[in-house]
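Student: The hints should help you fit chain F with the ligand onto chain D, whose structure is shown.
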Amino acid sequence: MIILDELESQSIYILREAYREFKSLCMLWSIGKDSTVLLYLARKAFFGHVPMPLVHIDTRYKIPEMIEYRDNLVKEWKLNLIYGMNRKAIDEKRTFPDGNVDRLTCCKSLKSDALRQTLNGEGERFIFSHSAGKYIPDTSREAYTGVIVGVRADEEGSRSKERYFSPRDSESDWRIEDQPPEFWNQYKTDFSSGTHVRIHPLLDWTELNIWEYIERENIGVVSLYFDKGEGIRYRSLGCYPCTKPVESKSKNVPEIIEELRSGRFSNIAERSGREQDKDGGGTLETLRREGYM
Amino acid sequence: MEQMEQIKQTKQIKQIDQMNIVVIGHVDHGKSTVIGRLLSDTGSLPEGKLEQVKMQCRKSSRPFEYAFLLDALKDEQSQGITIDSARCFFKTAKRNYIIIDAPGHIEFLKNMITGASRAEAALLVIDANEGVQENSRRHGFMASLLGIKQLVVLVNKLDISGYSESVYNGIRSEFTMFLDSIEVSPLEFIPISAREGENIAVKSDKMPWYRGMTVIQRLDEFKKEKPLFHKPFRMPVQDIYKFTMYGDDRRIVAGTVSSGKISAGDEVVFLPSGKKSEINSVEAFNSPVEVSVSAGRAAGFTLKTQIYIHPGEIMCRTGDELPFTSTAFRANLFWVGKSPMIPGKKYKLKAGTMKASVYLKEIINIIDASSLDEGASRSEILRHDVSECILQTLKPVSFDRFSDNELTGRFVIVDGYEIAGGGIIMEPVQESLSYLAEHAVRRDYRWVKGNVAMAARHTRFSQKPRIIVFTGEETLEWEGLAQALEQDLWREGRNVYYLGLSNILRAIDNDGPRASIDREEEICRLGESAHLLADAGLIVITTISGLDNYEYGMLKLICEPHEILLINAGIVSADTIDALSIDSGLEAGEALSKIKTSLRDRDIIPDFQI
Ligand SMILES: Nc1nc2c(ncn2[C@@H]2O[C@H](COP(=O)(O)OP(=O)(O)O)[C@@H](O)[C@H]2O)c(=O)[nH]1
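For the record, the sequence lines run as chains D and F.
Read in our numbering, the first sequence has 209 at position 209, and its numbers run on one by one without any break.
Read in our numbering, the second sequence has 682 at position 389, and its numbers run on one by one without any break.
Excised from the complex, chain D in its bound form (with noise of 0.2 Å):
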C-alpha cells in the first residue's frame, strides 16, 4: 500500500472511533490545510457527511481571506459552524496588536482561553443558521469531550509526543510526563468525567503527505497558500499580525509540492513564519499545556 492510501485508513479510522466513542464530540477547524484535510477525510469516514461540529476560534486578527473561506465553504458543504473568541480581551484590547500585552499572552488569551471557554459551554459561541444564512448565538451550553484536532507530530518538537487519542484534564492541562498507553490500534477512550480529550488523526501525516494528498484528491485550499505574483505566499496560517508569508514562486499545488521536496524548504521548518515560536525556547510547548493548538 502507498503511503497516502495507509495515512489516509488510519485517519478514517480514527475518525470512526472518536465518532462512536463520544457522544460530545466536535472538530477544530482552523481554516488552514491540515484542518482542511482533517474535514475532507470526516467526509470520506462518513460518506460525505460530517457529523459533528466544527468549531472555530476567531480572533478577530485572522487575515480575512481566512473568514471568506470558511464561510464560503460552511454554506458550499452545509457544516455545522460554531466559532467562538475571547470578547472581552478583545474588547478592552488586551493584546498584541493594540500594543498592550507580548505576542506569547496575546495568544493565550486569543486563543488558548477562548478555546477553553469554547470548548466547555462557558463562553460565547455563535452557530451558523444555514436558514437564515448568518450567525446566530449558540443556545447550546453543551461541553465537548472530545475534541478533534488537526496537529502532526513533524510540525513542531513538542507536538511529536502526542498520542492519537490524548486526555485534558479540566483545566485543559496536557501531562507530557503521564501520557496512557496506547497499543497498536487500540486507544484510550475510558475517562472519568471532567476529563476531555484531543483527537489527532492526522498526527502522522508529514507536511509533504498534505501537500500530495491536497494534490491528489483535488481538495480546495484558501488561496493564501498561493504566489499570486508578488513572490510571496502564506506557509502556514494564523493572524495577520504575528504570521509572516514566506518568500516562495509557488502558484499552486504541484509547485508547492516541488518546492518541499527539493527546494529550499525542505530543510527549513515549516513554522518559520510565525513569529511566537520565536521567543526563546519552549513558547510553544508553554502554549501548548495551556491548551493551544
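The hints are simulated quantities; they were obtained by calculation from the structure and are not laboratory data.
Even glycine gets a Cβ: it sits at the ideal position worked out from N, Cα and C.
Hints are supplied without guarantee of correctness; some may be wrong.
Claimed, not checked - Pairs of lysine to aspartate or glutamate residues, derived as EDC-like cross-links and limited to a Cα-Cα distance of at most 16 Å, are as follows: (1) D/K244 <-> D/E258; (2) D/K228 <-> D/E247; (3) F/K519 <-> D/E6; (4) D/K78 <-> F/D541; (5) F/K517 <-> D/E6; (6) F/K519 <-> F/E699; (7) F/K519 <-> D/D5; (8) F/K639 <-> D/D5.
Claimed, not checked - Facing chain F, a subset of chain D residues (Cβ under 7 Å, in silico): (9) R16; (10) R20; (11) V101; (12) R103; (13) P181.
What the hints assert, rightly or not - Covered stretches of chain F (in silico footprint by chain D; criterion: 3 or more residues with CB under 8 Å from a CB of chain D, positions within the stretch not fixed): (14) 316-323; (15) 404-411; (16) 529-542.
Tutor: Relative to the frame of chain D, chain F with the ligand by itself:
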C-alpha cells in the same frame, strides 16, 4: 476516466516508501546517540540545528550529547531521560523513516510498548561494555510479543574496547542464546560506535573483521510489511451508519478491513452473532465505484438484507475459515497497570472494535521479563510482568489465534479508565460452564424459597407469569406500545408490571449514548429483576433495543425457569423461532390485539377472561 486513473497511478509511483522503526534497549546503551547519528549522517536535520545544540553545550560547558538534539521538550532535559516515544524523521535514498525513540527506563515500559507497537522493525542497542542487561532482554521479548519480525541488534560503544572483535562476539553469542530461548531470530548483529559514527552510515575502517552491512544499508534492506491480503477476510465492524438526518437512506456497515478481500455479491457472516447477509455494494465518498475492497482499507458496505448487528462484531466471508468464538482463551499478556491484575476483578477487554467484560481466570505462568525465568507461582500479575494466563469473558467473543492472524489475535485490557495491559491470543479454551450459567446456578442454589407454590400463584392470579420483552431498532415507538399493553392488561385485571428500561439499553440509536459495554451488565440486572417479579407471579413487560441472539439467550438463562415472550418490532434483531414479529407498519391497536392473541395462544392469560 481511464486517463484520470492513469494520472493517479503515475503520481503514485513517485511516492516514496515510508517505514516506522523503533530503537529499543537498556537505558544509557546509546539509543539516542544512534538516532542522532542516523538523523545527522543522512542529512535529515533542519539546517543549523546540530551547530545550535553544540553551541548551547559549549555555552553551558557540557559535553555535547546526541540525546540533547532529541530532547525537544524542557521536561525531558531536566529529568535527563527520554520519557516518551518521540518521533523523528529521516530519509535515505531508498525511503523515509519515522523513528520512534523508545525509552529504556523501566518506568516507561508502557511508552516503549506504545512506540514499538507501531513499528515495523526494531533496532535493539546493547552497550558492549555493560553487556546484556535486564531491558535488553525485556525489550527483545516485548518486540516479539508485539509482532515485530524484523529485529537487528546493534552492539554499541565498541570504541571503548578498541573495536575488539572478541568483545563483539561475546555479546553476540550471549544474546543469541537468549533470543533462541524465546524463539526470536534477529536478522543481524552489527558492531558499531554510535558516538564516533562507525558503521552507521559509512563502513568502519576500524573494524576490518566485520564484513556485513552498515546500519543504514541494513535499514534499507528491511521489507515493507504488506497488509494481510492472503488471509481469510476479516473486518471488525466499527459502526453502522444511518445518516437519515442528512437525507441519506443508506445503512452502511463501516470498518477497516484487517485481512483478505471482499466483493459485492459475497455472502458474509457476522461473529459472534452468527447473522448472515450478502454484500450489496461497496460505499465510498468521492472515489470511483469499486466492487471489492482489500486489507488495510477503511471501508463501508451496504448489505442485501437488513439485519441488526452491533459494532464490535467481526464481518467474515462464509466459506472462509472463520474465527473462534468462545468465552475463554489462553493468552500471553504484558501488564503495565499501576495496580496488579487480580483474579475475580472485572476488567474490560478490547480487541479489534469489540469490548467485553473480562476476568483473569487463571495464571498459568509468570515470566519474569528481566531474566525470563519462569517465575514463582504468583496469584496476581504485577506491573511489568509478562504472564501466560487464561482470560474469561462474560459474553462470547470472536477472535483468531495470533499465529493465524495478528490483527484479530491481539487485545488490550482496560482497568478503570486506563489501558493497563495487552497481549496476544494463543488459543481458545473450551469452557464447561459459561460465567453466566455458573452465576445462575449459584443464584438458584442460594435462593431460599417460600412456602407458596408457583401453581398456587397461577390460580390466585389467573395467569401464568411471563416476561414479555419488546425489541427493535427504534425504541421509543415500542416503548409506547409496551406501556399500552401494560395498561390494557391491567384494566382486564391482570397482575402486570412494566419494568422501565435503564437508559443504557437504548444505546444503539444514533442519539443515545453510544455503544457501551455496560450493556451486558444492564441486561443481567434487568434479567434479575424480571426473574424476581415473575417469581412473584407477575407478567413483566420490558423493552430492550437491538437485542441479539446471544443477549436473548443470556436473558433466557437468567430468567429461568420463567419463559420469555420476545416481540421483534420492525427490523428483526434476534431471529429466534419462538419470537413474535410485528411489522413497523402496523397500527397500535392492531399490534396490541396481535400480542394479546399470542398471549392467549400460549396459555398465559386464560381465554374466557378476554
Ligand atoms: N564511548 C561511547 N559512548 C557512547 C556511544 N554511544 C553513546 N555513548 C554515550 O552513552 C551515553 C548514553 O547514550 P544515550 O544515547 O543517551 O543512551 P540512551 O539512554 O540509550 O538513549 C551518553 O553519554 C553517550 O554519549 C559510543 O558509541 N561510544
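Student: For the pair supplied as a hint, F/K639 and D/D5, is the alpha-carbon distance within the 16 Å limit?
Tutor: 39 Å, violated
Student: CA of D/K228 to CA of D/E247, is that 16 Å or under?
Tutor: Distance ~12 Å between D/K228 and D/E247 Cα, so the pair holds.
Student: Classify the hint on D/R16 as holds or violated, based on whether any CB of chain F lies nearer than 7 Å to its CB.
Tutor: 5 Å, holds
Student: Run the distance test for D/K78 versus F/D541: straight-line Cα separation, threshold 16 Å.
Tutor: 14 Å, holds
Student: Using 7 Å as the Cβ threshold, decide whether D/V101 counts as touching chain F.
Tutor: 23 Å, violated
Student: May I ask you to test the interface hint for D/R20 with respect to chain F, counting a Cβ-Cβ separation under 7 Å as satisfied?
Tutor: Interface hint status for D/R20: holds (5 Å vs cutoff 7 Å).
Student: Are F/K519 and D/D5 close enough, with their CA atoms no more than 16 Å apart?
Tutor: 13 Å, holds
Student: Is the listed coverage of the segment 404-411 of chain F by chain D valid when you require three or more residues with a beta carbon under 8 Å from a beta carbon of that chain?
Tutor: The restraint on the segment 404-411 of chain F holds, since 5 of its residues have a Cβ under 8 Å from chain D and three suffice.
Student: Grab the minimum C-beta distance from D/P181 to chain F and call the hint holds if it beats 7 Å, violated otherwise.
Tutor: 4 Å, holds
Student: Hey, D/K244 versus D/E258, does the alpha-carbon distance stay inside 16 Å?
Tutor: 21 Å, violated
Student: Measure nothing beyond the straight line between the CA atoms of F/K517 and D/E6; if it is 16 Å or shorter, mark the hint as holding.
Tutor: 12 Å, holds
Student: Residue count check for the segment 316-323 of chain F against chain D: does it reach three with CB-CB under 8 Å?
Tutor: As far as the segment 316-323 of chain F goes, the hint is violated, because 0 residues have Cβ atoms under 8 Å from chain D.
The structure fails to meet hints 1, 8, 11, 12, 14 from the earlier list, while all remaining hints are met.
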